[in-house]
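Q: Go ahead and model the full structure; you've got the sequences and the hints to work with.
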Amino acid sequence: MVAGKFSAGYGTDGGNSLALLEVHNLRKDFPVRKGLFSGTRGSIRAVDGVDFELREGETLGLVGESGCGKTTVARCLLRLIEPTEGEVLFEGEDLLKMDREALRKVRARFQIIFQDPYSSLNPRMNVGEIIAEPLRNHTRSSRGEIRDRVCFLMEKVGLHPEQARRYPHEFSGGQRQRIGIARALALNPRVIICDEPVSALDVSIQAQVINLLVQLQEEMGLSYLFIAHDLSVVEHISNRVAVMYLGRIVELATDQELYRNPQHPYTQALLSAVPVPDPEVQQRRIVLQGDVPSPLNPPSGCGFHTRCPERIDLCTNEVPAFRDLGNGHWAACHLR
Amino acid sequence: MAVGGLALIVVIFLIAGFASLLAPYDPGKTEVSMKLKPPSSAHYLGTDQLGRDVFSRMLYGSRISLSVGFVAVGISIFIGILVGAIAGYYGRWVDSILMRFVDTMLCFPSFFLILTIVALLGPQIINIMIIIGVTSWMGTARFVRAEFLSLKERDYVQAARALGVKDRRIIFRHILPNALAPVFVSATLKVASAILIEAGLSFLGFGVQPPAPSWGNILTEGRTYIFDAWWLTVFPGLAILITVLSFNLLGDGLRDALDPRLRGKR
Numbered sequence: 001m002v003a004g005k006f007s008a009g010y011g012t013d014g015g016n017s018l019a020l021l022e023v024h025n026l027r028k029d030f031p032v033r034k035g036l037f038s039g040t041r042g043s044i045r046a047v048d049g050v051d052f053e054l055r056e057g058e059t060l061g062l063v064g065e066s067g068c069g070k071t072t073v074a075r076c077l078l079r080l081i082e083p084t085e086g087e088v089l090f091e092g093e094d095l096l097k098m099d100r101e102a103l104r105k106v107r108a109r110f111q112i113i114f115q116d117p118y119s120s121l122n123p124r125m126n127v128g129e130i131i132a133e134p135l136r137n138h139t140r141s142s143r144g145e146i147r148d149r150v151c152f153l154m155e156k157v158g159l160h161p162e163q164a165r166r167y168p169h170e171f172s173g174g175q176r177q178r179i180g181i182a183r184a185l186a187l188n189p190r191v192i193i194c195d196e197p198v199s200a201l202d203v204s205i206q207a208q209v210i211n212l213l214v215q216l217q218e219e220m221g222l223s224y225l226f227i228a229h230d231l232s233v234v235e236h237i238s239n240r241v242a243v244m245y246l247g248r249i250v251e252l253a254t255d256q257e258l259y260r261n262p263q264h265p266y267t268q269a270l271l272s273a274v275p276v277p278d279p280e281v282q283q284r285r286i287v288l289q290g291d292v293p294s295p296l297n298p299p300s301g302c303g304f305h306t307r308c309p310e311r312i313d314l315c316t317n318e319v320p321a322f323r324d325l326g327n328g329h330w331a332a333c334h335l336r
Numbered sequence: 001m002a003v004g005g006l007a008l009i010v011v012i013f014l015i016a017g018f019a020s021l022l023a024p025y026d027p028g029k030t031e032v033s034m035k036l037k038p039p040s041s042a043h044y045l046g047t048d049q050l051g052r053d054v055f056s057r058m059l060y061g062s063r064i065s066l067s068v069g070f071v072a073v074g075i076s077i078f079i080g081i082l083v084g085a086i087a088g089y090y091g092r093w094v095d096s097i098l099m100r101f102v103d104t105m106l107c108f109p110s111f112f113l114i115l116t117i118v119a120l121l122g123p124q125i126i127n128i129m130i131i132i133g134v135t136s137w138m139g140t141a142r143f144v145r146a147e148f149l150s151l152k153e154r155d156y157v158q159a160a161r162a163l164g165v166k167d168r169r170i171i172f173r174h175i176l177p178n179a180l181a182p183v184f185v186s187a188t189l190k191v192a193s194a195i196l197i198e199a200g201l202s203f204l205g206f207g208v209q210p211p212a213p214s215w216g217n218i219l220t221e222g223r224t225y226i227f228d229a230w231w232l233t234v235f236p237g238l239a240i241l242i243t244v245l246s247f248n249l250l251g252d253g254l255r256d257a258l259d260p261r262l263r264g265k266r
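Protein chains in written order, with our numbering: chain A, 1 to 336; chain F, 1 to 266.
Among the hints, a few may not be true.
Taking lysine-lysine pairs in the BS3-like style, the calculated list, with each CA pair at most 30 Å apart, reads [claimed, not checked]:
#1 K105(A) / K152(F)
#2 K156(A) / K166(F)
#3 K166(F) / K152(F)
#4 K105(A) / K156(A)
#5 K166(F) / K105(A)
#6 K152(F) / K97(A)
#7 K166(F) / K97(A)
Since the hints were derived computationally from the structure, they do not count as laboratory data.
A: Structure representation (structure tokens):
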């Protein structure tokens with residue numbers, strides 16, 4: 001690993017804003033056990049050396065198909081899952097080296113919104129209690145202050161403060177997601193990980209929630225790591241986009257650059273699959289053959305070589321370096 | 001139904017509470033000339049082999065049976081929840097150690113374990129309650145642990161962790177309330193089995209010592225005369241049945257009442 005590799009910043013367009021969150025060589029292996037008396041059979045490489053940085057006030061999209069390790073990355077960053085290896089620098093401090101109490105304090109400024117609005121709210125707590133929970137844990141506010149703050153937050157995300165006494169099951173999916181957002185905002189975080197926050201919602205509600213996230217970002221100066229499998233959603237909200245495949249980031253660029261000029265064959269295939277709402281447009285679809293290889297037994301060399309339409313011999317032997325192709329456009333491909 | 005169960009329990013408790021006012025005879029008074037008489041207007045539930053009034057004995061017996069049932073189950077679910085919650089939440093070696101301990105406890109034939117301890121400590125009612133409690137928590141611990149294992153992976157528990165909520169609060173505020181419903185329902189069944197264990201102990205002479213009555217020892221004493229004097233076994237049996245049934249109904253009702261999703265729907 002070259003020391004100067006991170007100084008330029010992946011995929012930034014030369015902006016000089018500071019990196020709030022830097023992730024270096026993040027790995028997560030899940031051991032697979034055979035039985036009671038035998039040892040580990042092997043391990044699933046869920047995340048295999050991910051590097052990126054998130055700058056102040058920006059939205060970094062993270063896309064990839066199911067099982068590529070997006071959610072594992074999200075949970076490793078917050079140490080909801082302990083990563084096997086790597087560094088997660090938040091405001092310059094390594095989260096992975098913190099003890100429990102330090103980590104607990106940091107989590108006030110580093111939050112997450114979950115994919116499933118049905119399972120992410122405790123069914124036995126009313127909305128007011130759910131939103132007040134972080135306040136009770138991290139501040140010494142009085143009851144009145146907490147109530148005021150809860151009202152403020154509920155209004156901020158477009159809910160009526162009178163609904164604070166209701167329980168999650170009385171709300172629709174979109175409203176529940178707003179409750180989750182209010183909870184994440186309660187302590188004025190700087191970074192929010194959005195783990196597919198709209199993929200469980202109807203399309204019409206998706207737009208509302210995304211617009212809310214954009215609006216909150218402007219008002220509160222938030223930075224988002226926005227995880228999704230839907231490229232059009234990511235395009236709308238992101239400044240930069242990273243594409244993941246089989247536990248690695250294969251391409252990272254500003255969103256315009258990525259959508260206009262995708263370099264990695266996987267990104268090209270993904271983009272060709274995005275439907276264009278115009279019957280006149282003739283699309284050239286790149287259809288990938290086969291399935292994603294098992295992370296239990298990942299292919300040698302480039303993880304994508306088993307399905308790559310442009311494969312050369314080198315791809316099967318050597319892992320391509322993640323290189324700057326110029327203009328802040330990074331990709332991991334031998335051919336570029 | 002649940003309200004019916006609750007009403008029955010209230011009635012049973014009132015009977016136990018006011019046994020001395022309701023009982024027509026002294027439960028210990030023997031009258032050999034009146035032995036083994038079937039139910040009549042003088043003795044509503046008949047008399048036993050010593051001519052004692054079964055109705056009065058059952059009224060007094062309800063005190064002992066209910067308190068044994070309650071205290072024993074209280075001790076049992078307290079230990080069970082604590083052990084299950086800690087094992088399920090912390091997992092890894094904590095879980096392994098606690099669950100192996102549970103397995104060990106389950107290996108002992110619990111009735112003989114109880115007998116041994118009673119023989120050592122003496123058959124006072126309080127000892128019997130404690131002993132039944134500390135030998136019957138393993139089932140509760142196992143399924144509280146199972147509930148915790150599944151609930152701790154829920155997103156709202158992950159969200160609480162991400163919010164920096166402390167372990168104790170996650171356990172008691174986020175996971176336990178969602179894991180308690182089956183515990184309540186099983187606790188109502190355990191009341192029944194505690195009453196029956198006490199009956200069994202009484203049968204072997206290690207339970208509530210005669211002449212003090214409990215439903216258990218009335219039932220077991222009457223067993224000898226089951227073909228001649230059916231009332232000696234049928235009525236205490238019925239009393240246990242009705243009590244257990246009403247606790248089960250209450251358990252169901254509690255489960256629904258404690259779940260905000262079911263509140264207000266019926």
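Q: Now tell me, hint by hint, if it's right for this structure.
A: Hints, one by one, checked against the model:
1. A C-alpha spacing of about 21 Å is found between K105(A) and K152(F), which places the hinted pair at or below 30 Å, so the restraint holds.
2. At most 30 Å may separate the alpha-carbon atoms for a hinted pair to count; K156(A) and K166(F) meet this at roughly 27 Å.
3. Between K166(F) and K152(F) the CA atoms are separated by roughly 14 Å; this keeps the pair inside 30 Å, and the hint holds.
4. The suggested pairing of K105(A) with K156(A) holds, with an alpha-carbon distance near 24 Å, which does not exceed 30 Å.
5. Taken as a hint, the K166(F) and K105(A) pair is honoured in the structure, with Cα atoms around 11 Å apart against an allowance of 30 Å.
6. In summary, the hint linking K152(F) to K97(A) is supported, as the alpha carbons are separated by about 24 Å, within the 30 Å threshold.
7. Annotation: proposed proximity of K166(F) to K97(A) holds, straight-line Cα distance about 19 Å (limit 30 Å).
Taken one by one, the earlier hints all hold for this structure without exception.
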